[in-house]
Amino acid sequence: MKITEKEFLAPGHRACAGCGEPIGVRLALKVLGENTIAVSPTGCLEVITSPYPETAWEIPWIHVAFENAGAVASGVEAALKSLGRKSNVVVFAGDGGTADIGFQSLSGAMERNHDIIYICIDNEAYMNTGVQRSGATPYGASTMTSPAGKKSFGEDKPKKNLPMIMVAHNVPYVATASISYPEDFMKKVKKASETEGSSYIHLHQPCTTGWGFDPSKTIELGRLAVETGAWILYEVENGDFKVTYRPAQRKPLIEYLKAQKRFKHLKEAEVAMLQDYVDRTCSEYGV
Amino acid sequence: MVLKIATANRAVAEAAKLSNVNVIPVYPITPATSIAEYLAKFVADGEMDAEYVRVESEHSAMSVAIGASSTGARVFTATSSQGLALMHEVLFIAAGMRAPIVMANANRALSAPLSIWNDQQDSISERDSGWIQIYAENAQEALDFVIQSYRITEHPEVLLPAMVCLDGFILTHTVEPVDVPEKEVVSDFVSTYKPANAILDPENPMSIGTFTDPNYYMEARHDMYNAMINSKNIIRNVNKEFGEIFGREYDFVENYRCDDAEIIIVAMGSVCGTVKDVIDEIRREGEKVGLLKLRVFRPFPTDEINAVVKNADKIAVLDKNVSFDIGGALYNEIKAKLDVDAYGFIIGLGGRDVTPEHIRKIVKETKKPEKDVQWIGLREEEI
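Residue numbers (our numbering), protein chains in the order written: chain Y, 1 to 287; chain S, 1 to 383.
Among these hints, one or two may not hold up.
[Stated by the list, open to error] Pair ranges (Cβ atoms, derived): (1) Glu219/S x Val167/Y: 34 to 40 Å; (2) Asp223/S x Gly33/Y: 30 to 36 Å; (3) Gly130/Y x Asn226/S: 32 to 38 Å; (4) Gly197/Y x Gly46/S: 20 to 26 Å; (5) Lys157/Y x His88/S: 29 to 35 Å; (6) Gly84/Y x Val185/S: 36 to 42 Å; (7) Gly84/Y x Glu241/S: 28 to 34 Å; (8) Glu220/Y x Asn215/S: 37 to 43 Å; (9) Ile3/Y x Asn215/S: 34 to 40 Å; (10) Gly12/Y x Asn215/S: 16 to 22 Å; (11) Lys190/Y x Tyr216/S: 47 to 53 Å.
By construction, these hints were calculated from the structure, which means they are not laboratory data.
Everything numeric in this text was worked out from a predicted model, so none of it was measured.
Just so it is clear, CB atoms sit at the ideal spot from N, CA and C, and this is done for glycine as well.
Work out the full structure, taking the sequences as your base and the hints as a guide.
Rendered as structure tokens:
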């Protein structure tokens with residue numbers, strides 16, 4: 001795959017050292033190119049890239065509020081159509097702005113099948129406000145609002161299955177991806193850009209601050225998630241499901257869990273329960 | 001000139017059709033629903049070349065509007081009451097992002113208790129959102145004000161969104177003769193939207209809606225404050241030009257028999273029709289009463305109001321809204337900005353009829369006021 005050296009997200013933004021989010025944005029924009037308009041809801045990405053009077057965006061970019069990126073992108077797309085202009089319209093949104101507060105707006109945009117690419121960059125909690133759980137927080141993770149304690153082992157429900165909810169919206173192209181598998185992700189962005197109508201890509205992104213690992217290990221953590229089956233890479237093209245990366249041999253989940261502070265409280269029985277959940281999910285998805 | 005028999009909802013939909021609108025994101029709500037329906041039909045029949053976005057909520061309607069406006073499209077939407085309240089967050093953002101959106105608001109009471117009927121609590125509660133607010137007395141004004149609003153909002157010295165307010169049911173569902181101007185004439189008047197502000201364009205990339213620290217936030221709000229002040233000149237000029245072309249001239253206020261009046265009633269919207277009739281009757285009985293109809297509520301035309309009311313003995317301010325414990329918003333603003341002997345009357349909440357008898361009572365109470373603020377038209381029996 002030929003990858004341009006040109007960058008559309010400038011360095012010097014204010015992401016934490018080791019943050020995976022700008023990696024996702026940079027890779028996606030390398031595929032989409034300069035004729036692209038980006039939309040972001042409120043969240044880490046908005047705050048780190050746009051402290052007035054600075055901006056890290058080399059392409060047109062708009063932020064309006066937390067819960068309405070789907071609608072704002074719909075408006076951008078409708079305007080382009082009405083004015084006879086052509087550009088990619090891409091949303092870069094966090095998991096809170098997608099799975100929780102932005103869910104209705106996303107559902108509306110996908111149901112209307114606007115020609116937009118919605119990329120949820122999922123770091124599995126509200127990291128901008130200091131690590132509170134979201135609907136995308138995984139089973140067993142300790143966050144500031146799902147803390148582990150005497151009577152709690154952390155988040156007590158598995159993560160909301162956003163990509164499959166998008167499949168249920170008949171979105172023409174739905175995929176999962178990881179920043180640690182750049183070629184797989186970029187191929188999916190390419191397919192999304194060639195799709196007429198809506199595309200949804202759910203991009204898994206390790207967060208050094210919220211997950212609790214050394215900033216040098218970001219890519220490693222993303223790989224461990226996929227190699228243990230905690231995160232599965234697949235795409236659903238016009239309803240046809242296909243796993244795009246299958247680990248030769250799945251590693252035990254504990255290797256992924258023990259590398260992060262958010263899971264360090266888990267007892268053996270709880271790890272076994274989480275392993276069982278991952279096994280069942282992998283078997284369901286054929287991994 | 002084409003005279004049509006139309007409701008105010010039909011009139012504002014016609015106005016949007018005439019105004020070269022590109023994008024219409026709209027969500028149905030009583031009593032604004034037929035605006036959404038007329039526009040859908042115009043687009044479906046090819047009478048209107050616009051993108052109609054069937055959003056899933058009013059919050060999304062305004063969010064689509066901001067996205068489209070920021071991309072360079074001219075936008076129209078309509079809502080009412082709970083819908084406007086749901087938009088609250090994004091109304092402030094539309095104004096702060098200086099998006100020249102035009103919206104019709106069918107004035108309706110806010111829940112609870114749930115009421116679909118008219119008062120003006122919904123738009124009054126958004127008075128600090130940074131939107132220009134214009135109140136129509138009839139369907140003709142509703143149509144004219146939408147057309148005018150595009151010229152006002154899109155002016156580089158303004159760039160604030162505008163809300164045209166029409167009383168729910170009283171205007172939205174009542175048919176009247178309306179002069180619907182020719183498309184070419186309106187098209188020349190409003191032209192097409194040429195963004196003077198930030199715009200999303202890959203040829204000239206900009207970041208819009210950025211995060212701002214205490215070093216800049218206050219300046220952004222101050223700019224909006226100045227823009228609202230500047231809008232007065234623009235509104236005045238647009239009124240004048242509109243009058244020359246369309247033959248109907250409007251001012252910030254309408255002076256109805258105020259010049260020698262001892263008591264002046266100040267009101268907004270459809271109730272002004274009733275008040276004018278009552279004033280004619282009372283004047284025949286020898287009492288000097290006048291009406292100051294406030295057309296533009298934001299910006300607040302202090303000087304224009306003062307010029308009309310300064311020689312009156314007493315002012316009666318009618319409010320179809322209430323700020324609890326201190327009376328109606330218009331009453332309080334008049335008390336705050338003008339040196340007049342004013343009394344506040346809360347009327348017509350949740351669709352309670354405002355009758356000629358009520359207006360007579362208000363005049364009587366104003367002559368010998370017992371209280372600063374009175375509620376008029378309450379049931380007398382216990383319920």
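Earlier hints that do not hold, by number: 1, 6, 11
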